[in-house]
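A.B. asks: One letter stands for each residue in the lines below.
There are 2 protein chains.
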Amino acid sequence: MNLILLGADDLIASDHARVTDPRRLRHLREVHRATVGDEMTLGIEGGVIGRGRLESIDAESAEFSLRLEHAPPPPLNVHLLLALPRPRMLARSLEHVTALGVKHITLLHTRRVEKSYWQSPELGAEKIRQHLILGLEQARDTIMPTVTQEKLFKPFVEDRLPDLMTPATRGIIAHPGMVNACPRAVSEPIMLAIGPEGGFVDYEVEQFLSAGFQGVHLGERILRVETAVTALLARLG
Amino acid sequence: MNLILLGADDLIASDHARVTDPRRLRHLREVHRATVGDEMTLGIEGGVIGRGRLESIDAESAEFSLRLEHAPPPPLNVHLLLALPRPRMLARSLEHVTALGVKHITLLHTRRVEKSYWQSPELGAEKIRQHLILGLEQARDTIMPTVTQEKLFKPFVEDRLPDLMTPATRGIIAHPGMVNACPRAVSEPIMLAIGPEGGFVDYEVEQFLSAGFQGVHLGERILRVETAVTALLARLG
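Chains A and B, in that order, are what the protein sequence lines are.
Numbering of the first sequence is given in our numbering, commencing with residue 45 and proceeding in unit increments.
Numbering of the second sequence is given in our numbering, commencing with residue 45 and proceeding in unit increments.
In isolation and in its complexed conformation, chain A is listed as follows:
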């Protein structure tokens, strides 16, 4: 926790917070080894960040006085369309991309996504939220990403994808063997599509290209999805 993320429930006054859940308390006691008087970085979910002073801590709660005055870091202007990874990689990928500042994530079914992945408990709202929180706490951010699940490829690409694109949006599909190298430091909003292990099938690539997406590659090397996601976001951002 490089930032303690406060929910509305944690605020007992506009400048005072009380943390009572076991996860954060344990982290404060065991990792931070926090003692009264310590200064830490805190932020309100969806809002400002700043510093807080630990006023009391025991086995049940920790109380902070707050001076919250900064905006959170700017978001990465990328909507990530990610073929649903297998559950363990999903968990890590959600943390990575949240830490990198992505605010819109669509998990997409594609031909090479195993259908069983959609049954994973990792897709439960509370599980996903836990990984997003870890990403925000890591990166010192407060703005929760939205995560949407699209279990049918064709209706998504044909019906809903056009509505997610503004005229300014640059659609990019990352796929080995595309002609162009991934562009760098793109200033427009981006819609970035990344396939599953094994890649998109040809039909899917064609659907994205017909929707105006540009195909890009990251070189000859085949990367794991979690490596590729971070590498693409770092290069585009």
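There's no promise every hint is true.
Same chains, same names: a pair is fine if it fits in one copy or spans any two.
To be verified - Below, in silico cross-link-like pairs of lysine to any residue (SDA-like), each with a Cα-Cα straight-line distance of 20 Å or less:
1. K147 / P66
2. K147 / G90
3. K159 / H76
4. K147 / G263
5. K147 / S231
6. K147 / T210
7. K195 / Q251
8. K159 / R77
9. K159 / E74
Bear in mind the hints are in silico, worked out from the structure with no lab data behind them.
Place chain B on chain A using the hints.
C.D. replies: Below, chain B without anything else, positioned relative to chain A:
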């Protein structure tokens, strides 16, 4: 395995290989569901890559006829100086950076590296080699990285670091709060220093800066080491 990496022991003729170890055999049978006649990508450790035809497969061995004709993908010209991560993150980081094409990795002790990490079985030569192989198999590469362990910061930075730098080498230390953003698409050879969770201490940063390193940051966000490593390599490469 996007590539089956063959050691000298696996070659039974210049154009014929036999794989007998349980890990690769299991992968061929259970993941690839390989059957006689299948064409696959293979490569010789330290050498060429190409295609092979599966000539036979059973519980004890798989035999391939080979047409090896391509050079492996070009390496990333970055020597990575990585403060030793905790064991689980080390394993993943070795795979990521190998897949990204790094060929020289120095694991370094710094003030905020827990001393106990140096006792981890993950640092055994055979364990490290396994992770490097996984990275090569993932990225379809054959050139094994070298991994050096430096358990004393000061003698390394003062005595050995200068010998690792050529006049053309650009030294870069990634550290939150540095003035310059990480440069993009650097063409010179790079020596890239990345700190542990919690970062380098001021003294260490100063040592690198005195050695001619340039301090760079990746933005306001604090990233986990494994995310930062991939993001930095993607941006520099």
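A.B. asks: Against each hint, give a clear statement of whether it holds in the structure.
C.D. replies: Here's how the hints hold up against the structure:
no. : hint        : result
1   : K147 / P66  : neither (27 Å within a copy, 43 Å between copies)
2   : K147 / G90  : within (12 Å within a copy, 42 Å between copies)
3   : K159 / H76  : between (41 Å within a copy, 18 Å between copies)
4   : K147 / G263 : between (27 Å within a copy, 16 Å between copies)
5   : K147 / S231 : within (16 Å within a copy, 32 Å between copies)
6   : K147 / T210 : within (16 Å within a copy, 42 Å between copies)
7   : K195 / Q251 : within (16 Å within a copy, 52 Å between copies)
8   : K159 / R77  : between (44 Å within a copy, 19 Å between copies)
9   : K159 / E74  : between (40 Å within a copy, 18 Å between copies)
Of the numbered hints given earlier, the model fails hint 1 alone.
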